[in-house]
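Listed below, chain by chain, are the residues.
2 protein chains.
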Amino acid sequence: MARLRVHNLAISLDGYAAGPHQDVTHPLGVGGQRLHEWVFGTATGRRMTGDDGGSTGVDDVFLERGDQGIGATIMGRNMFGPHRGPWENEDWTGWWGDNPPYHHPVFVLTHHARPPVSMQGGTTFHFVTDGIHAALDAALDAAAGGDVRLGGGAATVQEYLRAGLVDELHVALVPVLLGSGERLFDNLDGGPAGLQLAEFVASEGVAHARFVR
Amino acid sequence: MARLRVHNLAISLDGYAAGPHQDVTHPLGVGGQRLHEWVFGTATGRRMTGDDGGSTGVDDVFLERGDQGIGATIMGRNMFGPHRGPWENEDWTGWWGDNPPYHHPVFVLTHHARPPVSMQGGTTFHFVTDGIHAALDAALDAAAGGDVRLGGGAATVQEYLRAGLVDELHVALVPVLLGSGERLFDNLDGGPAGLQLAEFVASEGVAHARFVR
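Here the protein sequences line up with chains C and R, keeping their order. Note that our numbering has the first sequence beginning at 1, numbered continuously upward. Note that our numbering has the second sequence beginning at 1, numbered continuously upward.
Pulled out of the complex, with its shape left as it was, chain C reads as follows (with noise of 0.2 Å):
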């Protein structure tokens, strides 16, 4: 059976996954880069930026897990961009510039409507205005027998774990203390039930808990 994953899904020790403020030049939030640094300091992070070298220990091996056997994205719109309300236009493609770190079909939560999006390396962004079920559904297909990704942010990763439909979640803890955001656990009403711990380790820098369903 193919699943539901998280994977790197990065909160603050006060709980944030995101600082306040989300805007164009803020995609993660007043703040919110904090919670993402140690991704540029491993090898993964950096070949995915370009670069070369960068750490090969506990952190590279959890960033390179978040690939393995993935077919197809679902993610919350703000992860797709910062606006709100009906689309203005077509032009934002997302964060990622022409050539997406995705290569696969990726399906955004959208009330508003959207053409599909073919972007360069085999990224398409499809918009998916019938609910979180109908993208998985979409998702699973799509990945042909391959697993699915749920990216973020927070909000939409709350919506599937209240409907118990998260296989697993590994959250990679940050020592920072962001002080206001969009908190991972939180609306949850129970959803994180029969989710059991599978892993627990920790880099110098990141602790990082992976759970199972």
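Don't read these hints as lab results, they were simulated from the structure. Some clues are possibly wrong.
[Unchecked claim] Stretch by stretch, here's where chain C covers chain R in the computed footprint (C-beta under 8 Å, at least three residues):
no., region
1, 9 to 18
2, 150 to 157
3, 165 to 176
4, 203 to 212
Don't be surprised by glycine CBs; every beta carbon is placed ideally from N, CA and C.
Fit chain R to the given chain C structure using the hints.
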């Protein structure tokens, strides 16, 4: 200068320092004991309960530090007992039996006056009704040059964080999901501002993050 220090304040991955529904049989709320199981695996923790053995690694080092140089403790009333409102009588003398593991003056924040209670082993519980600054002044006096430990619970630590009075904050992050309870990092209104990460290290079951002002 004597300092106000928080040590071994355990929180779940979803941010709770205690489970919900504290009562006389659930001092840490329902499920909250899962936050403290690691304590009883350490040599220091086992000594507190009169047992031999236990680990001497990272967890033990952090646990032991929590007593070093401490001359007095402050705690909220909910850490002292499960009762709310006026004292019905003076029978309750804490969760810890006749010889509590403090062995120094302990200042309990409450809205309801009560005479001090002297216990075996040097612990005296004083009940402070005029707020967190008065409790800190009294504890610093009683500590006679030693530091003051801020024991908890979450609401009390929040009060001192909001007031900018916490000099050292050691959080022990336990990779469990409690789902509900008393959040530590909440209602802070910028309280952690000025706290800098001084140390981050994990055992196989706990990630320790220590902040200093």
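Quick rundown of the hints versus the structure:
1. Figure legend: the region 9 to 18 of chain R, annotated as covered by chain C; annotation consistent (3 residues with Cβ-Cβ distances under 8 Å, at least 3 required).
2. Coverage of the region 150 to 157 of chain R by chain C is violated [criterion: at least 3 residues with CB-CB distance below 8 Å; count 0].
3. Counting residues of the region 165 to 176 of chain R whose CB falls under 8 Å from any CB of chain C gives 4; the rule of at least 3 is met.
4. Counting residues of the region 203 to 212 of chain R whose CB lies closer than 8 Å to any CB of chain C gives 5, which reaches the minimum of 3, so the coverage claim holds.
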